[in-house]
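Asker: Here the protein sequences come in this chain order: G and L.
The first sequence begins at 20 in our numbering and counts up one residue at a time.
The second sequence begins at 28 in our numbering and counts up one residue at a time.
If you are wondering where the hints come from, they were derived from the structure by calculation, not from laboratory data.
Warning: the hint list may mix true and false statements.
Looking from chain G toward chain L, a few residues come up when the C-beta cut is under 7 angstroms (computed) [unchecked claim]: (1) V36; (2) G113; (3) P198; (4) P238.
Note that beta-carbon positions come from the ideal geometry of N, C-alpha and C, so glycine has one too.
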Amino acid sequence: MSGAALVLHQFRFEQKVFWRSPAAVFFTVMFPVIFLLLFASLFGNERIDSLGIDAATYYVPGIITLAVVSATLVNVAMRMVEMRESGRLKRLHGTPLPTWVYIGGRIGNAFVVSLLMVVIMTLLGRILYGVTVPTETIPALLVTLLVGTFAFCSLGLALSIAIPSEQAAPPITNFTVLPLYFLSGVFVPESEIPDGVLAFASLFPIRPFFQAFLTAYDPATTGAGFDWGHLAVVVAWGVAGILVTMRYFRWSPRQG
Amino acid sequence: MPEAVISVKGLRKSYGELEALRGIDLDVRRGEIFAFLGPNGAGKTTAISVMEGYLDRDGGEVEVLGEDPAAAGRDWRGRVGLVLQECRMEELLTVRETLEMYAGYYRRPRPVDETIELVGLAEKADDRAGRLSGGQQRRLDVAVALIGDAELLFLDEPTTGFDPSARRAAWQVIEGLRELGKTVLLTTHYMDEAQALADRVAVIAAGEIIATGTPDDLGGRRDAASMISFEVPAGDADGIRVAVAGEWSGANGSLSLRTAEPIRSLHELTGWAIANGVELERLEVKRPSLEDVYLELTGTEAGS
């Protein structure tokens, strides 16, 4: 098989495993849907004056951020730890499969699931809460999504290296992302969060990704909706993740 | 003599202070089933990991399929199949899906269904790996090792943790590899496994190979003295010791005679018994088993 065909081959099996995994489907697909329904129903009609949009319009890109980080960083970290500690990663390394194909299949899976979540959230927002569907900024949304998928998958790979065992994977991964969701304004509107906290959260990749997505999603945005400044921060984190991964990646389980 | 598929000279490997391998020499020829025997921690897995290309060595020469495994590329990986000591397969994929996935990685894979048949999982082909028993999962692992139709297979303790019938089934699979013309290097700490499968055996202990040979020849087994034993007869036991010369010993109500000429000794013994009207209950003639030789070589009290 050619390289591209092989990536597609790997992607097919990644998809099968993803959709058959109750934990992955629940936390990546069901969880964000429940959160959107919850937040938008409770606070959807409130106006966020500082941004000039209603809360429902704020929460759709907010919960999309949650779903994308879950489909990429959280999923990749958990799967990589499982692959490594089960001995499958080492076994895979003993086959002729090029490493980049394997990683490519996994990132492809993350991107397709993320894209699906963007579509689901957008439709739910439109149908239930009348949130305007952005059309002019679709290229910006796609680019933001691609950049985010790349960066958060690379950070998921890097994080998996720091996780010693399968048992430790869920607590460490959640402990990494959950506080950032809160501090970044994904759950609580940013108008309620002190400036100092937002500035702190902006050092990490979730907040700038959310802001870039919000810019492209905001109906008040004029022009193409590319938020290059925030995207640059996300890219920088992605590059850092790759460097850490290339330097410290392990194929073998901790024992043996 | 067929060409050497694996050629190892003076292989050394240390983990910090611990010398795991202290200069190992080894040749495995094409079409051979070669078993590495040794107690846990003897260095079996370390040695096999170097030959698989997973572990860098500290010294010595290693050539596997004509290449140095430490520097070998993807084409070489396609010619080598392996079963690691521990590996859980993806629980959410079926047996067939797992093999289809791995088949895609190789240039000329074996047919998936044929491979499933070969390891005896035809009835489980559409079951998810997570629902298989331990022995069946291991057979799936072996099937994955075979799917690339590699010429050389490394099987690291392929039957550890199997129940007796699963082990027999696995042996049949490995026997089948011989018919396919594969070269197999397996590690085991089961003597009967080495006896049943291996053309040649190397015993490794404390990082050194202390004996090499066929299972029948190992440690001078073919020439070793036989042991004739029977229950102490009710009548005149001392009479036997006088009548038949040899190295006698007794324990637990039985008598044993160690002899280099079992046929002559047996003839004398039974002749004496008939002449004196004595029955020799539980009469046995035994050569030292591979396990006896192994225990003597490795100096361990009991096999593990």
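Asker: Does P238(G) pass the interface check with chain L, least Cβ-Cβ distance below 7 angstroms?
Answerer: violated (41 angstroms)
Asker: Does the closest beta carbon of chain L sit nearer than 7 angstroms to the beta carbon of V36(G)?
Answerer: holds (5 angstroms)
Asker: Given a cut of 7 angstroms on the nearest C-beta pair, is the interface hint for P198(G) held or broken against chain L?
Answerer: violated (31 angstroms)
Asker: Take the shortest C-beta to C-beta distance between G113(G) and chain L; is it under 7 angstroms?
Answerer: holds (5 angstroms)
Of the numbered hints given earlier, the model fails hints 3, 4; all others are met.
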